[in-house]
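2 protein chains.
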Amino acid sequence: MKVSIGVSNRHVHLTDSDLCILFGENFKLNNIKNLNQPKQFVSDSFVTLKTEKSVINNVRVVGPTRSYTQIEISKTDAFKLGLNPPVRESGDIKGSSPITIVGPAGSLKLNEGCIIADRHIHITPHQKELYGLSNYDKVNVILPGIKGGMISNVSLKVSEESFFELHLDLDDANAHLVKNGDIATIIEGGDL
Amino acid sequence: MKVSIGVSNRHVHLTDSDLCILFGENFKLNNIKNLNQPKQFVSDSFVTLKTEKSVINNVRVVGPTRSYTQIEISKTDAFKLGLNPPVRESGDIKGSSPITIVGPAGSLKLNEGCIIADRHIHITPHQKELYGLSNYDKVNVILPGIKGGMISNVSLKVSEESFFELHLDLDDANAHLVKNGDIATIIEGGDL
Numbered sequence: 001m002k003v004s005i006g007v008s009n010r011h012v013h014l015t016d017s018d019l020c021i022l023f024g025e026n027f028k029l030n031n032i033k034n035l036n037q038p039k040q041f042v043s044d045s046f047v048t049l050k051t052e053k054s055v056i057n058n059v060r061v062v063g064p065t066r067s068y069t070q071i072e073i074s075k076t077d078a079f080k081l082g083l084n085p086p087v088r089e090s091g092d093i094k095g096s097s098p099i100t101i102v103g104p105a106g107s108l109k110l111n112e113g114c115i116i117a118d119r120h121i122h123i124t125p126h127q128k129e130l131y132g133l134s135n136y137d138k139v140n141v142i143l144p145g146i147k148g149g150m151i152s153n154v155s156l157k158v159s160e161e162s163f164f165e166l167h168l169d170l171d172d173a174n175a176h177l178v179k180n181g182d183i184a185t186i187i188e189g190g191d192l
Numbered sequence: 001m002k003v004s005i006g007v008s009n010r011h012v013h014l015t016d017s018d019l020c021i022l023f024g025e026n027f028k029l030n031n032i033k034n035l036n037q038p039k040q041f042v043s044d045s046f047v048t049l050k051t052e053k054s055v056i057n058n059v060r061v062v063g064p065t066r067s068y069t070q071i072e073i074s075k076t077d078a079f080k081l082g083l084n085p086p087v088r089e090s091g092d093i094k095g096s097s098p099i100t101i102v103g104p105a106g107s108l109k110l111n112e113g114c115i116i117a118d119r120h121i122h123i124t125p126h127q128k129e130l131y132g133l134s135n136y137d138k139v140n141v142i143l144p145g146i147k148g149g150m151i152s153n154v155s156l157k158v159s160e161e162s163f164f165e166l167h168l169d170l171d172d173a174n175a176h177l178v179k180n181g182d183i184a185t186i187i188e189g190g191d192l
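Line by line, the protein sequences give chains D and R.
If you count the first sequence from 1, position 127 lands on 127 in this note's numbering, and the numbers rise without skipping.
If you count the second sequence from 1, position 42 lands on 42 in this note's numbering, and the numbers rise without skipping.
Note that these hints are calculated values from the structure, not bench results.
Don't take each hint at face value.
Identical copies carry no separate label here, and so any pair may be met within one copy or between two of them.
Lysine-lysine pairs mimicking BS3-like chemistry, simulated, CA-CA at most 25 Å apart [said to hold, decoys possible]:
1. K53 / K138
2. K80 / K33
3. K179 / K53
4. K53 / K80
5. K179 / K80
6. K109 / K128
7. K138 / K33
8. K109 / K2
9. K157 / K109
10. K109 / K179
11. K138 / K28
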């Protein structure tokens, strides 16, 4: 089963109220480009991530706002910031790393919210059945190329509204020399 | 077959004459720590890598000097520098990326020399036979952990004087959340 790859650089998701704290009252995110996942979009709003050790500037806010504020970084970013975030599914932020977000209108000192996103595939319930993956929550995926290989523990993220796509963070993409739109191959079975 | 992992951050190897250009006449590299590979050592000398797009400071020189000058970076570094280096074995620098190295005494504008090091395992001829790998130039290797998987095209770098070890660059290590001294498993067969 072939699936196209979408690479996610570091980014943040914000609640309505956190958006206001960082960007000001009544601020709305601009949709400058639709992402492949339905309703998700790239905004032209950026924040700074800050820890005692370091900062990372120009971190993009992905819209729309959500019911939770979440910061997704790579392990490379984590070393720079002096953090050790857990590998989590989106939304599962309990006990994740503390971090400060700085925006043009204010800042948020969060006790948790920073994660390394797990490798995942967006898939509809119908596709999951159609592709013979009904019995799997996780799969292995073969990545092509000279630094390719097989990544394990790739979650199947099932939603009626989803675009079939493998999401990797920038460390995974750079390590394997793959980029947006490259094609990977799903292999049944969740772990090696 | 188990093998321990050694992670290489970006570094440079220099010829005697390039060492003199960068650090001055009669300069000698200090051995501040032996590496696992025989005779190889960490020095306390650093250079800056420079391209039209960007610079990376504090890049370590690994000793001793060699018969070629070579700069080993990750794909993450390559994006920062605006380069597209080939994936190569050490010493195979023909047609690799141009880069400028700046030292305290001078600089070198190289037409080639910058590579992304291939994934490789240092192994003796005797170990290669003993471990049943005689027929393989490349193997697959399973990396452990939640972001583990199997990396392919891992070269067997055979030398009488070598310490049995898998060398990965920092992108591979960060993507898979592995670190120095972690244990990987060699699987026969070179590609998926």
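Hint-by-hint comparison with the structure:
1. K53 / K138: So K53 and K138 fail the 25 Å test inside a copy (35 Å) and across (40 Å) alike.
2. K80 / K33: between (29 Å within a copy, 24 Å between copies)
3. K179 / K53: Classified as between: cross-chain Cα gap 21 Å, same-chain 30 Å, threshold 25 Å.
4. K53 / K80: both (8 Å within a copy, 21 Å between copies)
5. K179 / K80: both (23 Å within a copy, 16 Å between copies)
6. K109 / K128: neither (39 Å within a copy, 54 Å between copies)
7. K138 / K33: neither (30 Å within a copy, 42 Å between copies)
8. K109 / K2: Classified as neither: same-chain Cα gap 41 Å, cross-chain 44 Å, threshold 25 Å.
9. K157 / K109: neither (30 Å within a copy, 49 Å between copies)
10. K109 / K179: Classified as neither: same-chain Cα gap 33 Å, cross-chain 30 Å, threshold 25 Å.
11. K138 / K28: neither (36 Å within a copy, 53 Å between copies)
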